[in-house]
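Asks: Sequences and hints are given; from them, build the entire structure.
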Amino acid sequence: MEEKKSYLSTNLQRRLRYQAVFLGLVIAAAVIVVLNINIGSVPIGVKEIARILFTRQGDVAQVNIIWRIRMPRIVTAALLGGALALSGFLLQTFFSNPIAGPFVLGISHGAKMIVALVMIYFLGKFGSMSSWALVIAAFLGSMLSTGFILLMSRKLHSMSTLLVAGIMVGYICNAVTDFVVTFAQDSDIVNLRGWSLGSFSGMSWDNVKVAALFTLVTAVAVFFMSKPIGAYQLGENYARSMGVNIKLFRIMLICLSSILSATVTAFAGPISFVGIAVPHLVKRALNTSKPIVVIPACFLGGGVFCMMSDLIARTAFAPLELNISTVTSVFGAPVVIVMMLKRQKGKSNG
Amino acid sequence: MDELYFRTSDLSVGYNGKSLIHDINFEIRRGEIVTLIGPNGSGKSTILKSITRQLKLIGGKVWVRDEELEKLDYKTLATRMAVVLTERMKPELMTCRDVVSTGRYPYTGRLGLLTAEDEDKVTAAMERVHALELADRDFDAISDGQRQRVLLARAICQEPEIIVLDEPTSYLDIRHKLELLSILRSMTKEKGITVIMSLHEIDLAQKISDKIVCVKGETISRFGSPAEVFSPQVVRDLYELEQGSFDVDFGSIELPRPAGEPRVMVLSNGGRGIGAYRQLQKADVPFSAGILYTNDMDYAVARHLAAEIIEAAPFRPLSDDALSRAEKSMDRCEAVVDAGMDVAEGNAPLARLLEKAKNERKLCTVGEYLQRIGK
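Protein chains in written order, with the numbering used here: chain A, 1 to 350; chain B, 1001 to 1375.
Everything labelled a hint here was simulated from the structure, so no lab data went into it. Yeah, the Cβ is synthetic: ideal placement off N, Cα and C, and Gly gets one too. It is possible that part of the hints are untrue.
[As the list claims (entries may be wrong)] Some chain A residues judged to face chain B by a derived CB distance under 8 angstroms, without partners named:
(1) A231
(2) R240
(3) N287
(4) I292
Replies: Below, the structure is given as structure tokens:
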């Protein structure tokens, strides 16, 4: 009888572990938010931060710095970081490959290319471009790359060649973007250059609203797909035998992941490695791949990772600012390398 | 229990719209075990994939309990049919219990959370296949035999009416094969679950199945009970056996008999000659066996291995004719092996045969003979 009920204690242990991880992430998020507001060309004390955040009163210059500059940037980093991690997780599920992600598969670059083209057209014609148009352009670009990758995946059955194909797509898109940027007018270039390398700077609350709308709605939708995602982790055929409508599921997965990576690219440009490193770290920390806990943890973890990376990008060599991808690569790439080595080891043992 | 549960009518299956096997017609009653046999690449898996909706049907229909397979929605089908596939499942960070509990998928709510009742069913299913002690082990870190049991538990806790298994016994050692098949057998008896599977081991297929489907070429070459299907000729044709043979009664396979005129005569009865036959067969020495009553165990094996058999009808005195045939055979052989014989009133002439061998100094053991010829 004891053996039969042993799952209860296992479940309890698991729940405690999940709670500990989530608590850790929330605390990390809080600390990084405070640090992020605190550190900068104008340092602001923790007491002041609390006062300004909760009462919106205090020194006018400081209020402006916090509310106009630092807060939108932090919120964007958190939202887009979460979106990136989630998008990576979805692609990894879809291709059942732990190193799939929007950046590696060239999806971010596709979005970047179309955004650059549309942006130059819009700026030349109307002098401005709305956040919505940006997101839609990025989504089209994402879908373009994704569609290409899917076509390739029909021919290429090996995952490593598919990744190589994705990287090539990325290079092509990059080349086109560079070409366009080279011939763009001077005034556009300033904008495009910074953006095309990836950065969270210069976010307005209007941007944040649009980004929040897209990422949060999509994230909730993804969360409600955790049941079929869990089934799909066992393989397409098992998922079908459990009652998953595979065709519909695959379309949903690709669309949701494209919306997420498109939103990120539209506002912050392509950002590397978050999509691979964060889901991996989160799964290890939780010691499970159950989507129902991994999805929220990925979103939270991606947010923390990007806020932290942005803090470093902003402050490490201040007043110079690093590209966000420079920082995420430094932290993300080693994680991926360790992951691949471990997998190889697992293979030779098994 | 006798109602018809599953049938196919003029089914044709294949890939990419091209039909590989057509005119597939078979019927299965509830609680029956049906096994697909046939050579590698004959399309057993293609048929199984088609009836589990992994592949589109090219033509014809599949009926599950009076309903057309293609018209059932995935959810409903999931509560009726569970599968154990050949493809390697490589889930990440999942314990065996996690894998088994995915079988509850069709019954859980929007978020897939397990209720206490679900948990109990998972436990029961794991107990059923004797896998409870694996519950907390990582699914990636268990042996093939254990994995197969866990996957079967997964299928069981899906509470299906029919389970489809694609070569469930590949990679398993003999103990795990028997364990798996006896679990299947008892499930069909106790719960009336219907089983369709493919097997490589025709001996096992013969012993466990209620019906056999022979898949060969572009059609089903035979369908029926093992007794109807298994004849030496059918097995020979199905697998295009050119060498060796398959003993239908015992379900055993034998390697080809040594070719040529017999060089050794083996005298035995009551099953004591079998060891000698096998030794000679391995050394590629053609031999004659005698005098064997046709109901002797030795006779059943000699039929497959001996170059010549001197046989006699059972339950009657050994005839002079048999004796003279044996003597002639002995004259042609360079050695005679006495593998052990019971000699009594009915077969007294055998003693004379032994006497003759002694007189001619041909009598020796298998070991001695093989040493003499340098093998």
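Asks: If a hint holds in the structure, say so; if it doesn't, say that too.
Replies: Going down the list of hints, with the structure as the test:
no., hint, verdict
1, A231, "holds, 6 angstroms"
2, R240, "holds, 7 angstroms"
3, N287, "holds, 6 angstroms"
4, I292, "holds, 6 angstroms"
In this structure, every one of the numbered hints holds.
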